[in-house]
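**Q** Given next are the chains, with one letter for each unit.
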Amino acid sequence: MFDLTGKRALVTGASGGIGRAIAQKLADCGAEVALSGTRVEKLEEVASAISGKTHIVPCNLSDLEAVDKLIPSAIEAMGGLDILVNNAGITRDNIFMRMKDSEWDDVIAVNLTAAFRLSRAAVKTMMKQRAGRIIGITSVVGVTGNPGQGNYAASKAGLIGMSKAIAQEVASRGITVNTIAPGFIASAMTDELNDKQRDTILSTIPTGRLGSADEVAASAVFLASDEAAYVTGQTIHVNGGMAMI
Amino acid sequence: MSDVSDRVRKIVVEHLNVEADKVTEKASFIDDLGADSLDQVELVMAFEEEFSVEIPDDAAENIQTFGDAVSFLEKAVN
Ligand SMILES: NC(=O)c1ccc[n+]([C@@H]2O[C@H](COP(=O)([O-])OP(=O)(O)OC[C@H]3O[C@@H](n4cnc5c(N)ncnc54)[C@H](OP(=O)(O)O)[C@@H]3O)[C@@H](O)[C@H]2O)c1
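Residue numbers (full-length UniProt numbering), protein chains in the order written: chain X, 1 to 245; chain Y, 1 to 78.
Bear in mind the hints are in silico, worked out from the structure with no lab data behind them. Treat the hints with caution; some may be incorrect.
For lysine-lysine, the following PhoX-like pairs were computed, each having C-alpha atoms within a straight-line distance of at most 25 Å [to be verified]: (1) Y:Lys26 - Y:Lys10; (2) X:Lys128 - X:Lys100; (3) X:Lys164 - Y:Lys10; (4) Y:Lys10 - X:Lys128; (5) Y:Lys75 - Y:Lys10; (6) X:Lys53 - X:Lys42.
Bear in mind that the values here come from a model prediction, so they are computed numbers and not experimental data.
Chain X with its partners taken away, still in its complex shape (with noise of 0.2 Å):
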């Protein structure tokens, strides 16, 4: 489909489910794949299982002085960074009146923080190169809202209004920089679901199904391509028509 030859990316939570998906596809598509990550046997198992160079490069996110470090050990495994998709993110739920200003911070750290830190060293070398990709992972959450998710909705508008700052900033240096909101994805968390729940889940997409990781990796590997270069400023929302906005 899209060709990424020559392409140098950063996935992190490289680890997870769409992030390991993400990895799978660019490097699909002929990009050299930086993991990223806290679980390095992870991390081994999915770079085991992708044919093209990759390199293995840990960072535990909510570490503010191991963020500063994985741009530059990224670009000097790898020689230059043209893809940053900022993919790593948790949640702590809690409804808003009990919301423990831990489950506040923690969230922000790792979903907002490191994504603004590593935007910002990734930048810079973009700029030089006059070329570059920035993706965030952002959730259809950021733009309705959820009850119980009050940090998170927080964490992933913030990523939205964010990559619209940067957007425009950096444009005319040929970097873009655009969000992806999935829906509901299945992952290990949804197996989980009993099926009444999973049947109110289905019953708000229009679909009548969850997405799947690769149908978010497709739309990463979109924004990462030369082809996308006039898209910037953007949420690609893949949702299933659960919200159309």
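Position chain Y with the ligand against the provided structure of chain X, taking the given hints into account.
**A** Positioned in the frame of chain X, the structure of chain Y with the ligand alone reads:
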């Protein structure tokens, strides 16, 4: 004309696409040479690369004119 100022001028001319004789001591990158704020950041990055020095953000903010850049870099490389 010092070696440093020649090298700085070359970067400015190439980056901002301006005539070399416009790049005078007092010429402001933004007001006289048509740079925007992003160009200014890029010029600083280009200076860092050319002279293998680190220019901290607060110093970078004070580099508004060609003369500012030359005097900063002359000190930094010596
Ligand atoms: N699944 C969905 O339905 C859905 C819907 C909308 C949006 N999303 C978003 O899609 C993204 C990926 O989600 P997923 O479903 O693939 O979740 P997942 O399987 O739980 O993966 C989460 C990833 O984030 C990484 N991560 C979490 N905390 C980290 C930390 N402190 N430092 C470094 N890495 C950390 C994990 O790495 P380690 O485990 O190695 O630490 C893991 O690779 C997230 O941003 C999520 O918000 C998912």
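**Q** Hint by hint, note whether the structure agrees.
**A** Taking the hints in turn, this is what the structure says about them:
A distance of roughly 16 Å separates the Cα atoms of Lys26 (chain Y) and Lys10 (chain Y); the hinted pair therefore holds under the 25 Å criterion. Our distance criterion of 25 Å between C-alpha atoms is broken by Lys128 (chain X) and Lys100 (chain X), whose separation comes to about 42 Å. The straight-line distance between the Cα atoms of Lys164 (chain X) and Lys10 (chain Y) is roughly 34 Å, outside the 25 Å bound, and the hint therefore fails. In summary, the hint linking Lys10 (chain Y) to Lys128 (chain X) is supported, as the alpha carbons are separated by about 17 Å, within the 25 Å threshold.
As the CA atoms of Lys75 (chain Y) and Lys10 (chain Y) are separated by approximately 19 Å, the hinted pair is consistent with the 25 Å bound. Among the hinted pairs, Lys53 (chain X) with Lys42 (chain X) is consistent with the structure: their alpha-carbon atoms are about 17 Å apart, no more than 25 Å.
Going through the hint list in order, the structure does not satisfy hints 2, 3.
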